[in-house]
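With chain A's structure known, arrange chain B on it following the hints.
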Amino acid sequence: MLGWELPPHNSGGLGVACYQLCKALAKKGADIEFVVPYDAHHNINFMKVTAAQPNGVHIAPGKNAYESHVYTYPDGRTETIDIFGQQQYYEKAVTMLTQNRAQEFDVIHAHDWLTFRAALRAKEQTGLPLVIHLHSIERDRAGGNAGNPLVREIESIALLMADRIIAVSQHTKNMIVEDYDIPGDKIEVVHNSIDPEMFEPLDSSNSYVYLAELKKQGWRMVVNLGRLTVQKNLVNLLYAAKEVVARAPKTMFVFVGSGDQYFELITLAADLGIAKNVTFVGFQRGKRWRDSYAIADLFVMPSISEPFGLTALEAIGYGAPVLMSKQSGVAEILTNGLKVNFWDVHDMADKITAVVCNDSLRDELLQNAQAEYRRLNWDRAADTLFGIYHHHKQKKALPV
Amino acid sequence: MSKAIVLYLHVHQPYRIRHYSIFDAGVNHDYFDTSYDDNTNNERIIHKVAQKSYLPTNAHLLKMLQEHPEFRLSLSITGTVIEQLEKWSPEALQSFKDLCATGRVEIVAETYHHSLAFFYSRSEFEAQVAMHRAKVQEVFGQNPKVFRNTELSFNNDVAHWADQAGYKGVLAEGWDKILGWRSPNYVYRPSYTQNARLLLKNYKLSDDIAFRFGDRNWAEWPLTADKFTHWLNNTHNATNFNLFMDYETFGEHQWEESGIFDFLQNLPKQWLKTPGNSFMTVSEVIDAFEPADIVDTPFTTTWADTERDLSAWLGNRMQTQAIQALYELEAPILQSNDLALIADWRRLQTSDHFYYMCTKWFHDGDIHAYFSPYENPYDAFIAFMNAYHDMRYRLMQKGFAV
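Heads up: the sequence lines are chains A and B, in that order. When you line the first sequence up against our numbering, it's residues 1 to 400, in that order. When you line the second sequence up against our numbering, it's residues 1 to 402, in that order.
Hints are computed from structural coordinates only; laboratory data are not their basis. Mixed in with the good hints there might be a few duds.
[Claimed, not checked] Pairwise CB distance ranges, derived in the manner of DEER restraints:
1) A:Phe386 / B:Asp33: 40 to 48 Å
2) B:Ser123 / A:Ala246: 28 to 36 Å
3) A:Tyr73 / B:Phe371: 40 to 48 Å
These figures come from a predicted structure and were not determined experimentally. From the three backbone atoms N, C-alpha and C, an ideal C-beta is built for every residue, glycine too.
Chain A with its partners taken away, still in its complex shape (with noise of 0.2 Å):
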């Protein structure tokens, strides 16, 4: 398998589904080798866990998945690589790794863009079937828009050379359809999902001391949690909150994050005169990344397009209710959220205001959500993923 993050090494979503998927997989009895693009450690035991490091290269891994690694090289000279250097780097170790072993093998499975030159190369090698997976698309990540075109071409070349391609959401495999001109019949949706037992409990005393005191006094909290950028569609959530504060003063809006909008983000809360109504916490981990879906009385993931949107299972499983845009994944299985179309501020600014206005909206939907999360696990996901590998092992490869 090849992947670009695994936690605790993780920028987002996608070092946590891979984990999950894999943990899912191993215990039906998959043996996986996971390489990874840098050399740490991981602490895991279901599977290998293999960095990819060419010629005694040593790789650190970055804060996130766009910055640049640390290479060091065997004479000590340290560099930082872009993200497109990077993957150069992958695929010659990629190349050295899976050199005269294609038979320990059955099939390469290949998560998200920055794999696929890799994979398309291992493919090459060793003549084995290719699965690859989309945690998004371009398109996705730039917010509606095409996006970078040197990124677009190793999606599209990976989507025709692959033999099976696994999209994460039924709005992702039609986005791919759209797109690239891929038949339907070549892409399965694998619903992502969520490991409960994966998260450290809460513990009794939340850090944002403040806003606990505030929700004491009448206030309620409305989250959002991820990366500050066009595809998450937070000027329109800010454009709602000013809305929603103009009916609803004690709401206080919390962004948790950080991303190339800060700056836009914190001069539009102040233009739009709620300043006092909108806080900014950064990127947080650990203890205050789950307290800031706790203190949450709604959970708001309004993405110009996710295709998953993990952040939003969190949320439930932390004990906040969600509202999510119709486009993202995570509707798809989710029926007890709210959900609103990205475009739409009012009706984002009228649903987020019914939830603050009333407790009992917020209790039960979120009563509702938890049943649904309970029942959510990954055995699905890897029984459909083991049936795709199964039925690729006994076919040959399509010719690369």
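Chain B alone, transformed into the frame defined by chain A:
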């Protein structure tokens, strides 16, 4: 014809807010306190400025006062910097006291906290002016007679207030929009006043020293006291040259290596060579000359930036939202009778906090960036708002609904 140099230096340091996060709100109330090596550490900045500017400059000024009985100057020194010097550099404070002890250094009145309170709460403004007056009396044994508002912000209302409050004069920027064809080199009377006088900064001559002195690309570089006094001597229609600038020009904005201290030392030597030339404090020049005209200022001017308005502090909505939020707390804060809470609230009023949020030329990395301890204006805004939220927390703990 007799001509006077009116040298006026402004001494100020704010209490910078540390990188105060939302997780601190409700937990720690130490907005102004952080580890010594952090950029926002106030003690470290006081040590640095005392070493680079206050101590060497005051040594030069004292020597000049001793060598030239005609030399004199005016100072404004805010309450927030006096407090910090008391704590962290008593020797620098003593050097200011030594200057005042010569009897030829006049202290100018202003708000204790270097705030923009005049534009938001007149009663709070008056409280801060009274606090400053008391502090100056306590530390320097003087009763200020001439007033300057924060950042030389000035308009007809400021003039009217100062007149009513009994000040004999106000300092302001000699900005072309209010002067028109007139020269800043005279004493004026502001509109809507009976007795007050207006002293207007000669910004060209002042900025030659404060901003351009060390600029090697400036056509007049290097600027010597000889050359500078030659310009003044050749300016015939003038009674007084108002050289108003930040005290930290000497040794901090213009480093010692630029030759700024040599310039300062030589200024009285060169200037006093010509008979009739003198130095005057702000009160002395007001007493010496009749006003040349009435100056009307229907809008607010300051001494900052090319706009000479308040836009460096209140030019974007982060700044206005932050300052409005702060002044909205005035009534409960003052009713709380919690002296620590009131003190923190006043320290948050210091104009520098809003200056750090200025986005006017953020991308050019200009003079604003030079003075800011934050990486960008947004971090400054966030630290401020989190401190504001904590103030609200403290009020809620006291039973106030905010």
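Checklist entry - What hints, given by number in increasing order, does this structure fail? => result 1
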